[in-house]
Amino acid sequence: MNTAKNNPDLAAEVVLRKQKYVQHRQRLWWLFAIQLSAGMAVGLGVWFWHPPPDRDHIHFGFSLGLAGGAFFACAMLGRVLFPKPNATCPRCACDWEAESDNNGQTWLAWNVCPGCGLKISEHGGKQP
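Quick note: the sequence shown, position 51, residue 51 per our numbering, numbers continuous.
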């Protein structure tokens, strides 16, 4: 089993990839809150734009549709601005997301890379 201690560049790259993944997950929750707020603001803004006598089920559907559109547009913009980080081994290019069935918490707890045996954690962790 090779360790990243022998190659400080590999160790730094593994730490950087883990940090980027954790930051991306935190950023996704903020983006979701922004998407929800934007959708609600657009929906309520359109709903209250017209006077109460003009509001009916058609206007409600229109408001709801615009709210959903704003939510979806913010979601797409967030994916473009903050793409998913690279979660591959810097040595063998093993895709850690695929190996862990797209569960980031699983591969963050791994002790070694399942492809090449590179030690990716200093803590005791799970073997893939």
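Take the hints with a grain of salt, since some may be wrong.
In the EDC-like style, the derived pairs of lysine to aspartate or glutamate whose C-alpha atoms are separated by at most 16 Å in a straight line are [stated by the list, open to error]:
| id | residue 1 | residue 2 |
| --- | --- | --- |
| 1 | Lys119 | Asp9 |
| 2 | Lys119 | Asp101 |
| 3 | Lys119 | Asp54 |
| 4 | Lys84 | Glu97 |
| 5 | Lys119 | Asp56 |
| 6 | Lys20 | Glu97 |
| 7 | Lys18 | Glu97 |
| 8 | Lys18 | Glu122 |
Label pairs and their calculated CB-CB ranges [as the list claims (entries may be wrong)]:
| id | residue 1 | residue 2 | range |
| --- | --- | --- | --- |
| 9 | Asp101 | Gln19 | 20 to 30 Å |
| 10 | His59 | Leu16 | 49 to 59 Å |
| 11 | Asp101 | Gly69 | 24 to 34 Å |
| 12 | Ala41 | Val80 | 31 to 41 Å |
| 13 | His57 | Asn103 | 50 to 60 Å |
| 14 | Pro83 | Gln105 | 13 to 23 Å |
| 15 | Asn86 | Asp54 | 46 to 56 Å |
| 16 | Gln23 | Ala75 | 25 to 35 Å |
| 17 | Ala73 | Glu13 | 30 to 40 Å |
Just so you know, the hints here were simulated from the structure itself, not pulled from any lab data. Using N, Cα and C, we set each Cβ at its ideal position, and we do this for glycine too.
Hint check:
1. The suggested pairing of Lys119 with Asp9 holds, with an alpha-carbon distance near 13 Å, which does not exceed 16 Å.
2. For the proposed pair Lys119 and Asp101, the alpha carbon gap of about 20 Å is over 16 Å, so the pair is violated.
3. Straight-line distance between C-alpha atoms of Lys119 and Asp54 comes to about 66 Å, which puts the hinted pair past the 16 Å bound.
4. As the CA atoms of Lys84 and Glu97 are separated by approximately 11 Å, the hinted pair is consistent with the 16 Å bound.
5. For the suggested pair Lys119 and Asp56, the alpha carbons sit about 62 Å apart, so the restraint of at most 16 Å is broken.
6. With a C-alpha separation of about 14 Å, the suggested pair Lys20 and Glu97 falls inside the 16 Å cut-off, and the hint holds.
7. Between Lys18 and Glu97 the alpha-carbon distance is near 12 Å, which keeps this suggested pair within the 16 Å criterion.
8. Between the alpha carbons of Lys18 and Glu122 the distance comes to roughly 13 Å, so the proposed pair stays at or under 16 Å and holds.
9. Taking 20 to 30 Å as the suggested C-beta distance range, the pair Asp101 and Gln19 conforms, at roughly 22 Å.
10. Take His59 and Leu16: their Cβ atoms lie about 51 Å apart, and the range 49 to 59 Å holds.
11. Checked against the given bound of 24 to 34 Å, the beta carbons of Asp101 and Gly69, roughly 33 Å apart, stay inside it.
12. A hinted range of 31 to 41 Å for the beta carbons of Ala41 and Val80 is inconsistent with their spacing of about 21 Å.
13. At roughly 42 Å, the beta carbons of His57 and Asn103 sit outside the given window of 50 to 60 Å.
14. Here the CB-CB span from Pro83 to Gln105 is close to 20 Å, well matched to the stated 13 to 23 Å.
15. Between Asn86 and Asp54 the Cβ separation comes to about 52 Å, which falls inside the hinted range of 46 to 56 Å.
16. Remark: the range hint 25 to 35 Å for Gln23 to Ala75 is contradicted by a beta-carbon distance near 19 Å.
17. The hint said 30 to 40 Å for the Cβ distance between Ala73 and Glu13, and at roughly 35 Å that hint holds.
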